[in-house]
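Enquirer: So you can see what is in the structure, the chains are spelled out below.
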Amino acid sequence: MIANAYELIVNILTAIGIYEPVYGFFQSFGLEYLLRIIIVVVEIVVLLVFVLLSVMFLSWLERKMFGWVQSRYGPMVTGPHGLFQPIADGIKLVGKEDIIPASADRWIFTLAPFIIFVPALLVFVPLPFGDTLILSDLRMGLIYIIAISALSPVSILLAGWASNNKYSLMGAMRAVAQDISYTIPLALAAIAVVLYVGSLSTVDIVRAQEGTWFGIIPRWFIFMQPLAFILFLIASIAEMGRIPFDFQESEQELVAGFFTEYSGMKFAMYFLGEYAHLFAVSGVVVTIFLGGWTGPVLSPIPVQITSLVYFIIKTYAVILFAMWLRDTVPRVRIDQLLNLGWKIMIPLALLNLLVTSFLLTARVI
Amino acid sequence: METDELLINMGPVHPSTHGVLRFKLIMDGEIIRDCKVVMGYLHRGTEKLAEMKTYLQFIPYTDRLDYIAAMPNNYAYVRAVEELAGIEAPLRAEYIRVLTMELNRITNHLVFMGSLLLDLGASTPIMYGFREREKALQLYEMLCGARMTFSYMRVGGVREDLPEGFIPRLNEFIKDMEMRIVDYEQLINDNEIFLLRMKNIGVISAEEAINYGMTGPSLRGSGVNYDIRKLEPYSIYPDLDFKACVRKECDSYARYLVRIDEMKESLHILKQIADTIPAGEIITTQKYGIAPVTGAPTSVMPYFPRIFTPPEGEVYTRIEAPKGELGFYVVSDGTTKPYRVKIRSPSFCNLVAIPKMVVGLKIPDLIAAFGTIDVVLGDVDR
Amino acid sequence: MNAAEELKQAMPAAVVSTGMQLNKPLAIIQKEELLKVAEKVKEMGFDNLSVITGIDYRDRFEVIYNFFSYKKKENLVLKIILDHEAPAVDSLVSLWKVADWLERETYDLVGIKFTGHPNLTRILLPNGWNGHPLRKDYDMETEQFVTMGEDGEDIVSTDGSNLLRRK
Amino acid sequence: MAWISKNWAMTGIIKGFIVTLKHIFHIGNRPIVTVQYPYEKMKLAPRFRGRHSVDQDACIGCGICESNCPNGTIRIVKYNGRWFPEFNLGMCLFCGLCMDACPMNAIKMDGGYELADYSRESLVYGPDRILFKKEVNK
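Chains as they are written, first to last, in this note's numbering: chain F, 1 to 365; chain S, 1001 to 1382; chain D, 2001 to 2167; chain Y, 3001 to 3138.
These are calculated hints, taken from the structure and not from any lab test.
Straight line, CA to CA, 30 Å or less: simulated DSSO-like cross-link-like pairs of lysine-lysine:
(1) S:Lys1036 / D:Lys2113
(2) S:Lys1053 / D:Lys2136
(3) D:Lys2072 / S:Lys1264
(4) S:Lys1248 / Y:Lys3015
(5) S:Lys1036 / F:Lys166
(6) Y:Lys3078 / Y:Lys3133
(7) S:Lys1264 / Y:Lys3022
(8) S:Lys1199 / Y:Lys3022
In isolation and in its complexed conformation, chain F is listed as follows:
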């Protein structure tokens, strides 16, 4: 039984017959662990490249989507249909002057953009991209994801405080208030699923969604827990900080919120972090509620490939929905958002949890 990507690589190498000689080669120096490190590093590099490419593609897609909605073309000039626009942007941002305000706290100001990018990447660790395509199937994967994504306000608070700008500070305060009030319904909605599955492991959650009812309806938790899905989706959009809940930036109110003072490469880091977070959170939504990688098995093709394709299709569906939402609605006000979080979403999530646990205890489902 293959559990994660590491074992998958080892299996593939064994199958084509090079694992044993290479292992023997390293063993002759007494450096077996070096081979393991190399394999893990390769995994991480593949993941990083994948995430960065996705981020670039997402920023292109976002603009294209804006264009389509607004009777425009969107980027068209750089490459076919402007596909290389993110690269051009990246080059432009790297070439920009890196400004640190005179009264800013230089060390924290420089540190903050990196702190936001790291959690966005760490979320990918227990995220199953496909059958066995997972870096590490943590036993408390779901809690890990929620905990890590709750780290991003730390960076925002640091950035807002270090910038020594009133708008940045207000943006940071808003981000923290928003995150506190939305992590709770997020976790509560997810726990309803965990109760049913009986495990925090993301792989177990996906496996529990395999199969269908009556041969047609897939056994995804969206059908079993629709309320939890809606709550989770709203909370995760709020977590991502996108319109209608983008208070950390809220361009028209706080100029650019916490990254008002940032420029050049550091600005690019926030940009990357934002889209990496978008991809990660959408992946989590897919994993928990939309069946993860599950889908019809097409036998001649390896299950790893089909499952990866299914996962990416579902993830992009969620991302496109988030973009579509962003194109359609205005922003709510910060106190209205907090009202929604505390007064509606948390009670509803608790109610959902209560009903679920009641039904589970009574063995109805």
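Based on these hints, arrange chains S, D and Y on the given structure of chain F.
Expert: Coordinates of chains S, D and Y only, in the frame set by chain F:
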């Protein structure tokens, strides 16, 4: 716990102050405790400039007051001078004037709608608004050669006659616009988030609104049935069928709805004009006894006197500009240049009420209320 | 009988003369009585103060108030004549809030003082500007430069040599 | 919170979704309207007021345009032994008063709109850049 008040300078360079306006806000956390408006960053001394230009030369400067809707500025000034000199424009010229002004009302409200929604965070409506505005601007380009700063009106008439194919394109625009307004209403009007942001925000009662000098759609949103086109009809408005759009809710949402309704009314007016526009002269010959030069190499240029001296006197005329009551107080001393021109700009006077509206609310509410006042800084600072 | 004559009947001492300004009734009034007249005008139903205009006639200043009544749909023009040396007149802020900014603007550009105004400072021009531009004797030769000081307030100077200006 | 119990279905937002969806798929006369500007230009109206050009045969250098210009844009300069206007487009309002005032109809304003430049001096369009010769159809 000890707290401190925070002073925030919102502007002069800020995404949602529609230009270079500055709000000095005393904040208690997110709540506005005091709001002072600082302006003048775009002050160009238009009134002083007027004293140094001839009556004709000042017309291009009026374009730059409210550059989103420049045609009513042209008209208000020209009408003041006409009243001063006792000139009447021919009927066709008046029809063309009202046509252009109502078209400008639509473009102004499209920009209003777009920028308001952009301020609230929705970036799509402004693109839709500008898409339709572009069509209107092409009509203007066809008519007078400029897209925003027209300088189209002349004392006693208009500069050029309608070009060939203008009315069919106008009809096309009207038809297109009617469909688009339905889109806007579906996209925006019932949007729950939009309602949350607009309802009961920036409330100002009818009495207060009058006392604070608000005019135009902002006042009609407070339930005052007031429209200069109805009360003191000028030009051909008495012959046209339209109604003043009034809402009673007194909040930002009412002010927004009034403008959407006004767009429909303006379309209605445009339709009537497109059907009934009479033939005839486009610039008066009554005063000077000089016929327009016809058959000149470029026959689009009617003759007008280069030196024009109205009799001594002073006059205050006002019209219903898209943003409110636009008045010109023109004093003539019998020379070729006006002695004094005072511009009563609607944006300036509507802005007086902003501190009253927003104290106790939050920054997002300030932006919503300010957006529904519909201010152009060229008009505020002059 | 138009509104100006009505006003004259009610307050004969305050109204100097009545007439018509094109189609609008005009009343020239004593400057000392302005506040009382304005109260009376407001009682008469003129609830909208449309505009305040200040005019420099070299030998005198004139301040012109345009009123409109939403109820009666009538116009009324009040005119006050001030001497040229120290033009000052009562403020109408207590009656119309819009007078606040209109008076500040008139003060700023024409230089007429409104006594009793709560915050009579410049509004369109920065604080410290020399002269009132809409006066006929305004010095247009001297260039004035505005910079921002340390505390964010405007600083006006006639010396532009240290400004970053591309020649 | 009474509000949310009334609007829990969010029908307004769903209506908005439908409108944006129609635009994405261009349903019902909602096409893409923008043009790829530097590569593709929109047609200007015949009356468009852009950069000036002066008919070198018609212009008599009378200076009426100079005195009519509200902004002091025009200066009459000597060029090839004759007097012609010179336009400082950095100051021009593009109001068209010079065109209207010209007694010989020599001034046209059809010279386009891409007038951005690197220095103020290069915005002064002397007769060498604005004169044109009317083609006579024989």
